[in-house]
Each structure stands twice: as C-alpha cells, then as structure tokens.
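Undergrad: Sequence:
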Amino acid sequence: MIKVLEPGLLMTLQDFGRFGYLSKGLTRGGPADENAFLWANKLLDNRFDAAQLEITLGGATLQFEQPTQFAITGAEVPLTLDEQPLAVWQNYQAKAGQVLKVGMAKHGLRAYLAVAGGFSAEPQWGSVATVMREKIGGPQQDGSPVQAGQTLSAPRAGRFVSRRVSWKYQPDYSKTPTLGLLPGNQYDQFPTSVRENFCFHDYTVDSSSNRMGVRLKGQALNYEGKGIVSEGINIGSVQVPPNGEPIIMMCDRQTLGGYPKLGTISPLDISRLAQCRPGDKVRFSRVEIDQVQQQLARYYRFFDVQLACQND
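Here the UniProt record's numbering is used: the first residue of the sequence shown is 1, the next is one more, and so on.
It cannot be assumed that every hint is accurate.
To be verified - Listed next, with one range per pair, are the computed distances between beta-carbon atoms: (1) F200 x Q170: 24 to 32 Å; (2) R286 x I228: 20 to 28 Å; (3) Q293 x G232: 17 to 25 Å; (4) D172 x G227: 35 to 43 Å; (5) K281 x K3: 52 to 60 Å; (6) F200 x E122: 48 to 56 Å; (7) K226 x E65: 57 to 65 Å; (8) G25 x K95: 40 to 48 Å; (9) T151 x G227: 49 to 57 Å; (10) N243 x F160: 48 to 56 Å; (11) I289 x Q170: 23 to 31 Å; (12) N243 x V161: 46 to 54 Å; (13) N243 x S166: 40 to 48 Å; (14) P191 x F302: 36 to 44 Å.
Just so you know, these hints were derived from the structure itself, not from any lab. Bear in mind that the values here come from a model prediction, so they are computed numbers and not experimental data. Virtual Cβ for every residue (Gly too), placed ideally from N, Cα, C.
Could you put together the complete structure from these sequences and hints?
TA: As structure tokens, this is what we get:
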C-alpha cells in the first residue's frame with residue numbers, strides 16, 4: 001500500500017490504455033509518454049502494461065506503508081527517499097514508513113512512478129487508465145485524478161535487483177526534438193509551399209496543450225482542399241483548424257474530428273512530444289512509413305508489447 005500525501009499539479013493512474021473501443025467513442029488513454037512508461041515497467045520486470053502513476057510537473061509526496069520496489073522515469077525531477085537523493089531512470093527498494101518526494105521538473109513534463117507488480121484498481125472497459133474527459137478509469141473508476149489522502153494498492157516487495165537505464169537510452173528533454181511526420185491522405189490538398197516549408201519552421205508548444213492535444217504556435221498552414229466529413233483520428237494526427245495553427249492529437253483525444261490533417265507524427269516520437277512544456281520548440285522531418293513500421297516492431301519486441309495492443 002502507498003499513501004498519497006500530496007499529488008502535485010496532476011497525478012493520474014495509467015496502464016497501457018483502453019483498446020478496441022474507439023467505435024464506442026472511448027479513447028485509448030494510457031501514458032502520454034509511452035517510452036518512459038515502458039522503461040519503468042522493464043526496470044521492475046513488470047508486464048509492459050502494469051499500472052503506474054503519471055505525475056505532471058512534480059510536486060508529489062508519497063509514503064510507503066509496506067516494503068515496496070519502485071522506479072521513476074520520465075521528466076528530470078529531483079527525488080528524495082527520506083531526504084536522501086535518488087536519480088530517475090533507476091529502480092529502488094523502500095521500507096515501510098519511508099517518504100518519497102518528487103520535486104518540480106527541471107526538464108520534461110511528466111514523470112512515471114511504477115511499483116513491482118503494478119498498482120491495482122478495478123478495470124473499466126478492460127483498463128484502469130484514467131480519462132478525465134470521459135469520467136472513466138482511475139482508483140475510483142470515475143476518471144478523477146489521484147487525491148491527497150488516497151491509498152493505492154500495490155504488492156509487497158520481492159527479491160530486489162538493482163537496475164538503471166543506460167544513459168544512451170535516456171532522452172535529453174532540454175533539446176529541441178525533431179518529430180517524424182508521416183503524410184496523410186489529405187497531405188496533397190495542402191499547397192505545395194506548405195508541404196515544402198513545414199519541416200523548415202520551428203513551432204512553439206502553446207499553454208493550452210494537454211493530454212488531448214498539443215497546440216502549436218508558428219507558421220500558419222493554409223488548407224485549399226474541400227471540407228471533410230468527420231472521421232476517425234489516430235494518436236499523433238496533425239489537425240489543421242481554420243486558424244492554420246496545427247494541433248497534434250494525443251492519448252486522450254476525441255475519437256472523431258473534422259479538421260483536415262497534414263499527416264501523423266511517428267509513434268516513436270509521440271513520447272518525446274508528451275514531455276514538451278509550454279514554450280518549448282519542436283520541429284518536423286518527413287519520414288517513410290516502411291522505416292517507421294520496422295523501427296516500431298523492433299521497439300515493441302524489446303519491451304514485450306503484445307501485438308494485439310497496437311491496433312488503436
């Protein structure tokens with residue numbers, strides 16, 4: 001058991017997401033930063049989809065009520081266990097009564113706290129993932145964030161083996177990311193100048209961004225095609241509203257959208273985008289689907305992600 005003394009700005013319970021229900025209007029949810037989530041579970045020998053806490057910006061305090069193995073990945077946050085400093089991208093063992101403090105992130109936006117065996121909650125539609133807009137998932141099955149005073153169920157610690165993610169696999173959140181763009185079926189309806197210049201401009205993450213979508217400020221994209229009927233939208237879709245400033249759909253996106261789409265961000269780059277804070281810059285580079293599919297297949301094999309979970 002783990003007691004939440006202070007959840008910080010936003011703390012939600014997330015597993016790998018809710019699959020197979022887009023036709024019913026339920027989005028996937030799950031971790032905004034899939035990469036950090038998968039590494040946290042791997043550090044603890046968990047299943048790839050074991051539930052974790054997603055902590056936005058930091059400022060959280062938790063107390064372990066029993067011996068517990070845990071790991072934290074993602075945003076560069078100061079960590080202490082009973083005032084002793086710890087590092088992210090490693091696993092640790094806590095004793096009963098010890099207090100973990102997660103400070104405010106220096107770089108990046110979201111940290112992931114995993115425990116050996118995963119956090120327990122009653123699933124809804126096959127998942128415990130919290131989607132606040134849809135009011136489903138989470139510890140109370142109502143889509144609400146984790147609150148101060150809540151106690152979360154977690155297994156007792158077993159045999160401990162110390163592990164750390166190699167530096168070469170730890171993202172540098174202080175650098176401007178380049179996001180791969182896969183052109184979509186409306187790509188050719190944008191002017192040639194837009195298609196040619198999109199990858200030569202930096203965009204700035206807007207303060208209204210959230211788990212539904214990342215809004216970007218910068219060079220406006222003009223669309224010259226006909227209006228489209230609302231259609232299904234995938235995570236990473238680059239929607240272009242009438243003001244021309246793109247919105248990239250994230251894990252809590254709505255399931256349908258009627259704005260034209262320039263394309264889709266490579267699934268391998270969505271995690272990096274999820275760590276961008278308001279004011280951060282991003283840039284784009286066109287990529288080919290065959291290359292992305294091969295890279296994604298290798299990536300999911302490494303983390304033992306089941307193929308059935310790649311369809312939403």
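Undergrad: Does each hint hold? Answer for all of them.
TA: Hint check results:
In this structure, F200 and Q170 meet the distance hint of 24 to 32 Å, their C-beta atoms being roughly 29 Å apart. At about 22 Å, the beta-carbon gap between R286 and I228 stays in the expected band of 20 to 28 Å. Checked against the hint of 17 to 25 Å, the C-beta distance between Q293 and G232 comes to roughly 19 Å, which is consistent with it. Checked against the hint of 35 to 43 Å, the pair D172 and G227 passes, with Cβ atoms roughly 41 Å apart.
At roughly 39 Å, the beta-carbon separation of K281 and K3 lies outside the given 52 to 60 Å, and the hint is violated. Taking the beta carbon of each, F200 and E122 are about 49 Å apart, inside 48 to 56 Å as hinted. Between K226 and E65 the C-beta distance comes to about 60 Å, which sits within the given range of 57 to 65 Å. Roughly 45 Å separates the CB atoms of G25 and K95, a value that falls within the hinted 40 to 48 Å.
In this structure, T151 and G227 meet the distance hint of 49 to 57 Å, their C-beta atoms being roughly 51 Å apart. Between N243 and F160 the beta carbons are some 53 Å apart, a value that agrees with the proposed interval 48 to 56 Å. Distance hint check for I289 and Q170: the Cβ-Cβ separation is about 28 Å, which falls inside the suggested range of 23 to 31 Å. In this structure the supplied range 46 to 54 Å holds for N243 paired with V161, their Cβ-Cβ distance being about 52 Å.
Between N243 and S166 the C-beta distance comes to about 43 Å, which sits within the given range of 40 to 48 Å. One distance hint, 36 to 44 Å for the beta-carbon pair P191 and F302, holds here, with the actual separation near 40 Å.
Against the hints set out earlier in the document, a violation occurs for number 5 only.
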